[in-house]
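First to last, the sequence lines map onto chains A and B.
Final position of the first sequence in this note's numbering is 235; the numbers increase by one with none missing.
Final position of the second sequence in this note's numbering is 318; the numbers increase by one with none missing.
Just so you know, the hints here were simulated from the structure itself, not pulled from any lab data.
By construction, the Cβ of each residue, glycine as well, lies at the ideal position given by its N, Cα and C atoms.
Some hints here could point you the wrong way.
If the Cβ cut is set under 8 angstroms, some of the chain B residues that face chain A in the computed set are [said to hold, decoys possible]:
1) P83
2) D159
3) T207
4) G312
Label pairs and their calculated CB-CB ranges [unchecked claim]:
5) B:G122 with A:A166: 48 to 58 angstroms
6) A:Y11 with B:L121: 28 to 38 angstroms
7) B:K94 with A:Y11: 47 to 57 angstroms
8) B:F304 with A:K185: 53 to 63 angstroms
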Amino acid sequence: MLKLDGICAGYSVVPVLKDVSLTVEAGQFVAIVGPNGAGKTTLFKTISGIVQPSAGAILFEGVDLAHIPAAKRPHLGIAHVPEGRQVFPSLSVMENLEMGAFTDAGRRAWKQNLERIFALMPVLAERRDQFAGTLSGGEQQMVAIGRGLASAPKLLMLDEPSMGLAPAIADFIFEKLIEIRAETKLTILLVEQRVAEALESADRGYVLEAGRVVLEGNNATLRADDRIRQAYLGM
Amino acid sequence: MTSQVIENILQALVAGLLAGAIYGLMCVGLGLIFGVMRVINFAQGDFMMLGMYAAYYLFLSAGIQTTFGNVLGPYVAILLSGPLLFLFGFWIHKLLISRVTGQRTAQLDGEGHFAQLILTLGVALVLQNGGLIVFGSVLASIRTPLSSSAWEVGPLWNDLVSIFINKARGIAAIISIAAMIGLAALITRTRMGKALRAAADNPVAATYMGIDIDKSHRVAFGLGAAVTAVAGGLLATNYPFHPYIGIDYVIVMYAGVVLGGMGSITGAFWGGMTIGLVQQLSTLVLPTQLQNAAIFVVFLLIIFLRPQGFFGRMVERT
Numbered sequence: 001m002l003k004l005d006g007i008c009a010g011y012s013v014v015p016v017l018k019d020v021s022l023t024v025e026a027g028q029f030v031a032i033v034g035p036n037g038a039g040k041t042t043l044f045k046t047i048s049g050i051v052q053p054s055a056g057a058i059l060f061e062g063v064d065l066a067h068i069p070a071a072k073r074p075h076l077g078i079a080h081v082p083e084g085r086q087v088f089p090s091l092s093v094m095e096n097l098e099m100g101a102f103t104d105a106g107r108r109a110w111k112q113n114l115e116r117i118f119a120l121m122p123v124l125a126e127r128r129d130q131f132a133g134t135l136s137g138g139e140q141q142m143v144a145i146g147r148g149l150a151s152a153p154k155l156l157m158l159d160e161p162s163m164g165l166a167p168a169i170a171d172f173i174f175e176k177l178i179e180i181r182a183e184t185k186l187t188i189l190l191v192e193q194r195v196a197e198a199l200e201s202a203d204r205g206y207v208l209e210a211g212r213v214v215l216e217g218n219n220a221t222l223r224a225d226d227r228i229r230q231a232y233l234g235m
Numbered sequence: 001m002t003s004q005v006i007e008n009i010l011q012a013l014v015a016g017l018l019a020g021a022i023y024g025l026m027c028v029g030l031g032l033i034f035g036v037m038r039v040i041n042f043a044q045g046d047f048m049m050l051g052m053y054a055a056y057y058l059f060l061s062a063g064i065q066t067t068f069g070n071v072l073g074p075y076v077a078i079l080l081s082g083p084l085l086f087l088f089g090f091w092i093h094k095l096l097i098s099r100v101t102g103q104r105t106a107q108l109d110g111e112g113h114f115a116q117l118i119l120t121l122g123v124a125l126v127l128q129n130g131g132l133i134v135f136g137s138v139l140a141s142i143r144t145p146l147s148s149s150a151w152e153v154g155p156l157w158n159d160l161v162s163i164f165i166n167k168a169r170g171i172a173a174i175i176s177i178a179a180m181i182g183l184a185a186l187i188t189r190t191r192m193g194k195a196l197r198a199a200a201d202n203p204v205a206a207t208y209m210g211i212d213i214d215k216s217h218r219v220a221f222g223l224g225a226a227v228t229a230v231a232g233g234l235l236a237t238n239y240p241f242h243p244y245i246g247i248d249y250v251i252v253m254y255a256g257v258v259l260g261g262m263g264s265i266t267g268a269f270w271g272g273m274t275i276g277l278v279q280q281l282s283t284l285v286l287p288t289q290l291q292n293a294a295i296f297v298v299f300l301l302i303i304f305l306r307p308q309g310f311f312g313r314m315v316e317r318t
């Protein structure tokens, strides 16, 4: 479904991604793990079109994204739940979700999607008329995820949904992701620093370090890998 | 208190409400550009000036006077100046303003506000001087027979007090209020309006939703120009104007937007309304030359007591 081939990207003179290639098959749950500053967020921004790659190609369902502007990509079915939540603070929870459904697909499926989002995260229904800027971090993360789901995406990209949250809330968010996954069979690309949890639920994983893919494989291979066990799982 | 004093107060109050409604609409236009989209536009007063001349020439030269007559004609011309100034604002944004706003400026110092300040001041100067060349320095006005007749309210209180409402100003106030309500509904209720607000709130996240930021900004800028232009046209049915009139009003517009609270369309309207009321009521106790001083004293007082403005929210923007 998504294929990155030799992507190099960065900010003005600072290269961040160096020859990154990865593949996400339809229906797969793929996790990208790695330390801070490895380029995980830049990788997502490149897929979304906010950062332009200096080399390499991104294919989404066989379509080369090179000449597709960032604002058109969500309409193809790519939903990006950004790092740090990035809700619209002066819009209500409901309006945030409506903005998620800005894509044509999201508009068509608005009613069912909204029901599903509220069933999954009932607190959003309770707070529907509240300004998103006044919510707690965990609630804002739920808005951000709900907003992503509301676009009726083919690929849901989540950038560190547990960042900045209390461990209990982060666990809750993780459970929700697994629920969404079980319910919808949605293709998910997840960036996460909580390596153990991420690798446990994902089908496939990539380890990104200093802008390069240093390790890749399916769930079992990665979890059995000594380097992973030592560096990330503390075993 | 003598009935004469009561009558003066009531008359000033009515004058303030009528002027305030037009100022309110003016401020709503800037409120979209500065309050909602956070773009500093010092040419807003000159957009208003262009709106006045657009209505003036539409009325006199585009056959509107002969088609619609002297009573209805000016209002048709004024409302038509809106779409014209929308296109003007849209293109000015596309050609110039877009270079100092939106996603490009996210990494810049002050989010590109310095560049916006200088660019729009430049645009203002070009429009003022261009206006002088094209329209000349002679005062112009959009004449309607309504501006020299009035509705009388009263006599009230044993025939001692009556208030006169100038018909042209009354109609201008009604059109202003209707336009403000329409625009507020557009911004708060429609998909397009919500997308504009989302784009202003967080441009990058709005892009992730599939909202075209540059297009949203262009549309908001055009709308803001159009709204202020219509307010200018309404003002011109009562006050003569000239190519430099923008400077007199642009500061008042900023004061109104800040008073009302950044980001709130209704707030901007009430900010403008407050300015109209203060301006007219101050004439009861102060010489007319001090009108503007009175406005800014009240402005400072309100900002001191309520820094976020009437309708401002203390929500942090990301």
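Less than 8 angstroms between beta-carbons is the criterion; does G312 (chain B) satisfy it with respect to chain A? violated, 10 angstroms
Confirm or reject the claim that F304 (chain B) and K185 (chain A) have a C-beta distance inside 53 to 63 angstroms. holds, 58 angstroms
Quick check on the hint: D159 (chain B) CB to chain A CB, less than 8 angstroms? Cβ of D159 (chain B) sits 51 angstroms from chain A, so the hint is violated.
Min Cβ distance, P83 (chain B) to chain A: is it shorter than 8 angstroms? Because about 26 angstroms separates P83 (chain B) from the closest Cβ in chain A, which is outside the 8 angstroms limit, the hint is violated.
Could you say whether the range 48 to 58 angstroms given as a hint is met by the Cβ separation of G122 (chain B) and A166 (chain A)? holds, 51 angstroms
When you take the CB atoms of Y11 (chain A) and L121 (chain B), is the distance between them in 28 to 38 angstroms? Holds, since Y11 (chain A) and L121 (chain B) (Cβ atoms, about 31 angstroms apart) stay within the stated range.
Go through the hint on T207 (chain B) and say holds or violated, using the shortest Cβ distance to chain A against 8 angstroms. holds, 5 angstroms
Within 47 to 57 angstroms: is that where the Cβ-Cβ distance between K94 (chain B) and Y11 (chain A) falls? violated, 27 angstroms
Checked against the numbered hints given earlier, the structure breaks hints 1, 2, 4 and 7 and satisfies all the rest.
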